[in-house]
Structure formats: C-alpha cells, structure tokens
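**Student:** Residue numbers (the numbering used here), protein chains in the order written: chain A, 4 to 410; chain B, 189 to 413.
Keep in mind that the hints were calculated from the coordinates and are not lab data.
Heads up, a few of these hints could be off.
Here are the simulated distance ranges between beta carbons [said to hold, decoys possible]:
1. B:Pro-284 to A:Lys-397: 33 to 39 angstroms
2. A:Trp-11 to B:Leu-214: 21 to 27 angstroms
3. A:Tyr-311 to B:Pro-302: 30 to 36 angstroms
4. A:Lys-397 to B:Tyr-199: 36 to 42 angstroms
5. A:Phe-15 to B:Glu-320: 53 to 59 angstroms
6. B:Pro-302 to A:Leu-273: 49 to 55 angstroms
7. A:Phe-15 to B:Glu-321: 23 to 29 angstroms
8. B:Pro-284 to A:Arg-396: 47 to 53 angstroms
Short, incomplete list of chain B residues facing chain A, as computed with Cβ under 7 angstroms [what the hints assert, rightly or not]:
9. Asn-237
10. Leu-242
11. Ala-266
12. Lys-270
13. Leu-298
No residue lacks a Cβ here, since even glycine has one placed at the ideal position from N, Cα and C.
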Amino acid sequence: MRVLNLAWRNVFRHRRRTIITAAAISVGLAVMIYMDTMMNGLDNLAAGNIINFETSHLEIFAKGYYREEGLFPLDTIIENPEFILQRIAKIKTIKGVTPRIKFQCRINNGIDELPVLGIGIDIEKESKVFETANTVVRGEYLKNPDDILIGKDLAKDMDLDVGSFLTIITRDRYGTYEAYDFTVSGLINTGHPLLDRNAALMHINIAQRLLSMYGITELCIKTRDDNKLVQLKNEIAGKIGKNFEVYTYKELNAGIFEISGMKRSGQFMLALVVVIIAAVGIINTMLMAVMERIPEIGMLKAMGFGNYNIVKMFIYEGGFIGIFGSLFGCFLGLLASFHLVYYGLDLSHMLENIDIIYPIKFIIKGEINYMIVLGVFIFGVVVSVIVTLWPVRKATKLEPVEALRHV
Amino acid sequence: MVEMIDLYKDYKVGKVLFPALRGISLKIEDGEFTAIAGPSGSGKTTLLNIIGCLDIPTKGDVLIDDTSITTLSTKEKAEFRKNELGFVFQTFNLIPVLTAYENVEMPLILVNMPAEEKKERVISILEEVGLEEFVHRKSNEMSGGQQQRVAIARALVKKPSMVLADEPTANLDSVNAKEILSLMKELNEKKKTTFIFSTHDQLVMEFAERIIYLRDGKIASDKKK
Numbered sequence: 004m005r006v007l008n009l010a011w012r013n014v015f016r017h018r019r020r021t022i023i024t025a026a027a028i029s030v031g032l033a034v035m036i037y038m039d040t041m042m043n044g045l046d047n048l049a050a051g052n053i054i055n056f057e058t059s060h061l062e063i064f065a066k067g068y069y070r071e072e073g074l075f076p077l078d079t080i081i082e083n084p085e086f087i088l089q090r091i092a093k094i095k096t097i098k099g100v101t102p103r104i105k106f107q108c109r110i111n112n113g114i115d116e117l118p119v120l121g122i123g124i125d126i127e128k129e130s131k132v133f134e135t136a137n138t139v140v141r142g143e144y145l146k147n148p149d150d151i152l153i154g155k156d157l158a159k160d161m162d163l164d165v166g167s168f169l170t171i172i173t174r175d176r177y178g179t180y181e182a183y184d185f186t187v188s189g190l191i192n193t194g195h196p197l198l199d200r201n202a203a204l205m206h207i208n209i210a211q212r213l214l215s216m217y218g219i220t221e222l223c224i225k226t227r228d229d230n231k232l233v234q235l236k237n238e239i240a241g242k243i244g245k246n247f248e249v250y251t252y253k254e255l256n257a258g259i260f261e262i263s264g265m266k267r268s269g270q271f272m273l274a275l276v277v278v279i280i281a282a283v284g285i286i287n288t289m290l291m292a293v294m295e296r297i298p299e300i301g302m303l304k305a306m307g308f309g310n311y312n313i314v315k316m317f318i319y320e321g322g323f324i325g326i327f328g329s330l331f332g333c334f335l336g337l338l339a340s341f342h343l344v345y346y347g348l349d350l351s352h353m354l355e356n357i358d359i360i361y362p363i364k365f366i367i368k369g370e371i372n373y374m375i376v377l378g379v380f381i382f383g384v385v386v387s388v389i390v391t392l393w394p395v396r397k398a399t400k401l402e403p404v405e406a407l408r409h410v
Numbered sequence: 189m190v191e192m193i194d195l196y197k198d199y200k201v202g203k204v205l206f207p208a209l210r211g212i213s214l215k216i217e218d219g220e221f222t223a224i225a226g227p228s229g230s231g232k233t234t235l236l237n238i239i240g241c242l243d244i245p246t247k248g249d250v251l252i253d254d255t256s257i258t259t260l261s262t263k264e265k266a267e268f269r270k271n272e273l274g275f276v277f278q279t280f281n282l283i284p285v286l287t288a289y290e291n292v293e294m295p296l297i298l299v300n301m302p303a304e305e306k307k308e309r310v311i312s313i314l315e316e317v318g319l320e321e322f323v324h325r326k327s328n329e330m331s332g333g334q335q336q337r338v339a340i341a342r343a344l345v346k347k348p349s350m351v352l353a354d355e356p357t358a359n360l361d362s363v364n365a366k367e368i369l370s371l372m373k374e375l376n377e378k379k380k381t382t383f384i385f386s387t388h389d390q391l392v393m394e395f396a397e398r399i400i401y402l403r404d405g406k407i408a409s410d411k412k413k
C-alpha cells in the first residue's frame, strides 16, 4: 500500500464526478487534435494544389517581374529561357522544368465575358512538372493549335462545353488589343479554384502570338527532394545570375501560409479555452475532494503524514484524472481524425461559390501529427497536475487538530 | 512517562478568550490505562490533543520521556507522532476506499519496512483484534465495533509507546463498547502500551485503572484503583 495506490483508490470514490471531470478534459484535447489534423490536411491539400497546378516547387522570373506579378508586366519577361535551361541542366535534384506565360485576359462566349488568367503552356514539358493533364474530366488535353482547356466550373459559369467556341481578348506587350478564337478541347477539374474557375490554358506559342512576344513570364521547376528546396533555390540563383529571381512556392504564397499559421493559433486558442474550462472543473473536483476529506487529512497528519505526502496524494489524484481525460481525449481526437484522414470532410458544396483564400475545393483529408497528439496528451496531464496545486494548498494549511474537529 | 507541568490552553473566538485548560499538572506512567473524564467542555480532548502533539499549550510544558514536546518543530512533531503515538478516534476515521488490511497498513507506509515484515505485522495485529476474517472488507462492509477494532489495530500496528483514544466508545453500543475496552485492556496488559482515553462513558471508567476527572479545565479528582 503506497500513497500512489491510495490516490488511485481515491479517484474512484466518486466515479461519476471523476468521469465528468475527465470528460471535460477529453473534449478539449479531442478538439485540439481534430483541429490540428484538419489544419495539417488543409495545408497539405493547399500546398499540393499549389505545387501540382500553380507554381510547382520553384519559379524563376526576370528580375522585377515578381514585384509586379499581380499586374503581369510583359516588359519584364524572360527573353531567353534557353540560357537558364542550359545553366541549370546539370542540377540532379531537378525533376522537371517547364515554361509558362501568364497574362490577364477576358473570355467571351459570344454573350458573356469574364476576366480570367490566361496560361500558355508547353504541353511536352508541362506533364513533367504539373498534373494538369491528369485532371481532364471531359474531352481531351491540348492537341490542335487553337485548342483551349478551361476549368469545369468556368465552363459551367460561361455555359461552355467540349467543342464550344470562345474568344480570348487581351492586350499584347505593346498595349494593343488582340483576340483569338479557340475551341474548348477539354474541361479540367483540378481542385484548385484558380485553375477550375479563373483560368484558360493554351499552347505557349499561341499565347506568345497573342501577346506579340517571344519570351516567357516564368520557368516552373519541380524538384525530387522538396526538403532541400531552399538549397536548390540558392544553387539555381547562383547559377543564373542577378538578372533573374528564384522563389519557392512558400514565398510565392506567403499570404496563404501566414493565414494558415493564424488559423492554427486561433483554433488552438479556442481549444485552449475548452481546456481552461476543463481545468476549472478539476480545481472544483479537487477542492471538493479536499473539503470532504478534511477529517481524513487530519487523521493522516495525526498518524505522522507530512504535507509532502498529502500533496503527493492529491497531485497523483489530479494526475490520474488528467491521464484518464487525456487518454480518452486523444482516443476521441484520433477517432475523429481517422475519419478525417480516411473519409475526409466534404466542403465542395460549401466552397463552390465562396473564396476561403485557401487554394482548395474538394474534400479536405486530414493528416495526423502524432507528435502533436503526444504533446496534447502531456499538456492535458501537466495542466491537470498544475491546477491541482491550488486546492491542495488548502489541505497543507490545515492543522491536524482543526481538521479532526471538522464535521 | 508523560508529565504535564502547569498546562494552560486558551481558545480565541473572535475577541473573546475561552480557557480550556487552567493549570493542569500530572504524571502518567508507562503502561497505564488511564481515563480522562469530565463533562463536555471540561478540556478532555484539548488535553489529549496536547499530549498527542496535535495542539500546543498557551502556557506550561509536556514532557514525554523527558523530551519537551512544546519545543518540537512541526516536522519533529509529525515524526514523533509517526514513531511513538497511536490514535483512536470517536468516529473511527477509517479511509473508506481501503480494506481493513490496507487501513491498518497505512501508518507503515511512512516507515521503511520490508514488505514481508509489514504483511506479518498487519495480519498479526488484525488477528489480535479478532478481525482475521475481515481483512479484505472495506469500512462500509463492517459494523461500528469492527471498524473501531480496525482503528485500534491501526493505532497499534507500528508498536507505539502510547495510544491516545478520544471517546472511543461514543459511537458504539454497550456490547461492542465492552468488547472494545476488553480488547484494549488486554493489549495494554500484553504489550505494556500506555492507553489514555478521553471519555464521559461510565463503562470506560469501569475499565480504567486511573481516572482523572476534569472540570472547567482543572483537575477535579485523580483516582487510582
């Protein structure tokens, strides 16, 4: 019989009270784990969409272009991409490089007109870097010179389908209006709202003709090892010289990843509030335990129990409640997270017509970070033990004679 | 031997002082079976608490085997209680979540004792108080008399030199009270442990070898049989 054993038995004196207190911790921790899983999934999906459809791992621009990227300045383009391709050809970690031209344009179906992002692609090189070719859900990929690929959502908005004719209207490098008639060869459904709702993909040489230019706006690079992205960026930057700029997809989408961090903090704060409420529950439970056991504490002190052993006993009790609550919370959180990992959260209907800034559209599939689960478990137990200290102070201050007299 | 020298104890309730003990001086020899009797408010429990290092006198001194307990620190008092004293309370004060065995084992938690010896001691004392068949019962599965036997076993398991019992028969019927007192008397004779009771139960006074009668915090009479 040890103090630990006594504390263990004490936890079960009032089973219902213990269960309710532990359950409050469980809910807080489960929410923390579930939110983390969702945010991991959200981040991964967003990063995946950016890498697979928008920027790839790295992008090279002519110096000054990125500063004005939102304006798509055609006077700061990469005039001679071959120069760069030669310079980086020997870097083994590069999996693929593809040129792109991005420009502002309007899409016209003869009745309506919408502003979209025109993207000129090199269909041979594109597939080594982007997954766009695999997302054609109707029709086929670009084949003929006047073929154009548009997103399924844009097609719906513009009442277009495979085989429909449309006109792209833009201004060329010199500011002159240009128009070109295309036939919709296929509809894509990437899951990236930019591509599905606001973009039109065409052959790069057609885009160059439309814009009266020979160069490209960017070179997109896919790496074999995205853990060494910054090293690769620096290596490329060193090889291509100061007339060009290299950015990682994280730098190019800093806003999105900042929002992710803010969302995580916000959600953590929310879960923390739940845990604080649970902690108040523990304080209450332990305070009740101390109050109703005052004569018992007096008896233990009369027997020779010092404050050290009394504190130890109550700390163990708080710890046990914390362990139960945290274990069950982790179990609940993991259970809900597994559902999110394997079945996902279908937000496609909800996100159909709203912009949540995140480049996602389909089902959000979670990703469990087991280190966070462990951290959350430890957090739950530590919080339970720490908040026990306050009610225990009362027990330590009790004089045995007063405690024994207590009714 | 316990020696009380001119003990005074005042309790302050608000601004009013209530004298509980007013100049108690007496000696209790080792192995005595002594009852401190008197009406409610006469100072019996206060005197017992002071002897048991649970309370301190306002004035005067208590010497146990020539050691002044009024000079001991809180820690030293706890240590003294742990090693030398056993307590039996009116309301038994057993820990309800523990079995009879575990309740009796409690005081030994604080003493570094090999597990085998601990087990032997607990079983032996439970046999002595006649509870060998109730070892695994919790307090709510035992009668008042059985609970008080567990409390006595708990007080004696560490072989203290003195057992202080505060109204030990107050919550027992006369049959159980008699059995408990016979048991304590038997243990007193066998183990030579000093027993000091506070009581106003006539039965306890019948069993006691010495009766110290208190009234208004003073010794009204001190009779040895």
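**Student:** Check each numbered hint from earlier against the structure, then list the numbers of those it violates in ascending order.
**Tutor:** Failing hints, ascending: 1, 2, 3, 4, 5 and 8.
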